[in-house]
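S.K.: Sequence:
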Amino acid sequence: VQLVESGGGLVQPGGSLRLSCAVSGSISSISGVNVMGWHRQAPGKERELVAQIIVDGSTQYNYFVRGRFTISRDNAKNTVYLQMGSLKPEDTAVYYCYVYHNGRTYWGQGTQVTVSS
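Residues in the sequence shown are numbered from 16 upward in steps of one, following the working numbering.
Simulated from the structure, these hints should not be mistaken for lab results.
Even glycine gets a Cβ: it sits at the ideal position worked out from N, Cα and C.
Each hint should be verified, as a subset may be incorrect.
As the list claims (entries may be wrong) - Label-pair distances were calculated between CB atoms; the ranges are: (1) Asn49 - Ser132: 33 to 43 Å; (2) Arg119 - Asn90: 30 to 40 Å; (3) Gly118 - Arg62: 16 to 26 Å; (4) Glu61 - Gln124: 28 to 38 Å.
Unchecked claim - Calculated pairs, SDA-like style, for lysine to any residue (alpha carbon to alpha carbon, straight line, at most 20 Å): (5) Lys92 - Gly72; (6) Lys103 - Gly24; (7) Lys92 - Arg33; (8) Lys92 - Trp122; (9) Lys103 - Trp122; (10) Lys60 - Tyr113; (11) Lys103 - Gly30.
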């Protein structure tokens, strides 16, 4: 299973970015994936959950992004998205896409998001 993230970059506080994670390999369709989502890791901090989407389509968010970020998926494109808005400097981190399916977890390589003026 390969996960390829894109969409990171430098953005000013209050701005928006959309991250994408394309899934390929032995998972032919993400519609049946147990859980997929995003974690992030800031320098000197532990990796933390940002948001995830469950196989039934329900979504979960960590408190610090609720109301600002939206996770979604496009089954036809085998891609999961993270729409980020009202970005703050504390959102600066490497964002990792992940898939949990049939007892195994797969990770992308990460994409850097920097929020700074």
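S.K.: Taking the earlier hints as the rules, which of them does this structure contradict?
M.R.: 2, 4 and 9
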